[in-house]
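Start counting the sequence shown at 15; every next residue gets the next number (the working numbering).
Just so you know, the hints here were simulated from the structure itself, not pulled from any lab data.
Each hint should be verified, as a subset may be incorrect.
[Stated by the list, open to error] Simulated restraints, written as ranges between beta carbons of each label pair: (1) 127 x 85: 19 to 25 angstroms; (2) 119 x 84: 20 to 26 angstroms; (3) 107 x 45: 17 to 23 angstroms.
Predicted, not measured: the structure shown is a model, and the values here were computed from it.
Built from N, CA and C at the ideal position, the CB exists for glycine as well.
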Amino acid sequence: MNEVVAQEKPTTEGTAKIVYILYLVGIIFGLTGIIGVVMAYVNRNDSPEWLRSHYQFQIRTFWIGALYMLIGVILSIAIIGWLVLLFWVVWLIVRCVKGMKSLDQREAHPNPTGWMF
15 MNEVVAQEKP
25 TTEGTAKIVY
35 ILYLVGIIFG
45 LTGIIGVVMA
55 YVNRNDSPEW
65 LRSHYQFQIR
75 TFWIGALYML
85 IGVILSIAII
95 GWLVLLFWVV
105 WLIVRCVKGM
115 KSLDQREAHP
125 NPTGWMF
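Please model the complete structure; the sequences and the hints are all you need to start from.
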């Protein structure tokens, strides 16, 4: 009597956490942020709804962060650009920490389409 047990497809929680970590490492090594957003795009459709909100949040974090960085670099001729870049670093850290906290609690991200924290 062999019973075939359907194995549940493993969730990609670990992958979502790796994306958050890659974003944080991307503060120093920018290439890891690009790797992280590619991973988020690849995994977002094959994940449960609550995890999909994290991938959406991560993708938006990348693109909004790229916009903040572009503005900061352009304005770096003036002192205000350096403040924009400092804001981007703090903004990214807070978003990643809050995202990882929701991920560890296995909850959907509360505001995946928001611009701030």
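How the hints compare with the structure:
With their beta carbons about 20 angstroms apart, residue 127 and residue 85 fall inside the hinted range of 19 to 25 angstroms. Our hint of 20 to 26 angstroms for residue 119 and residue 84 is violated, since their Cβ atoms are close to 33 angstroms apart. Checked against the hint of 17 to 23 angstroms, the C-beta distance between residue 107 and residue 45 comes to roughly 18 angstroms, which is consistent with it.
The structure shown violates just one earlier hint, number 2.
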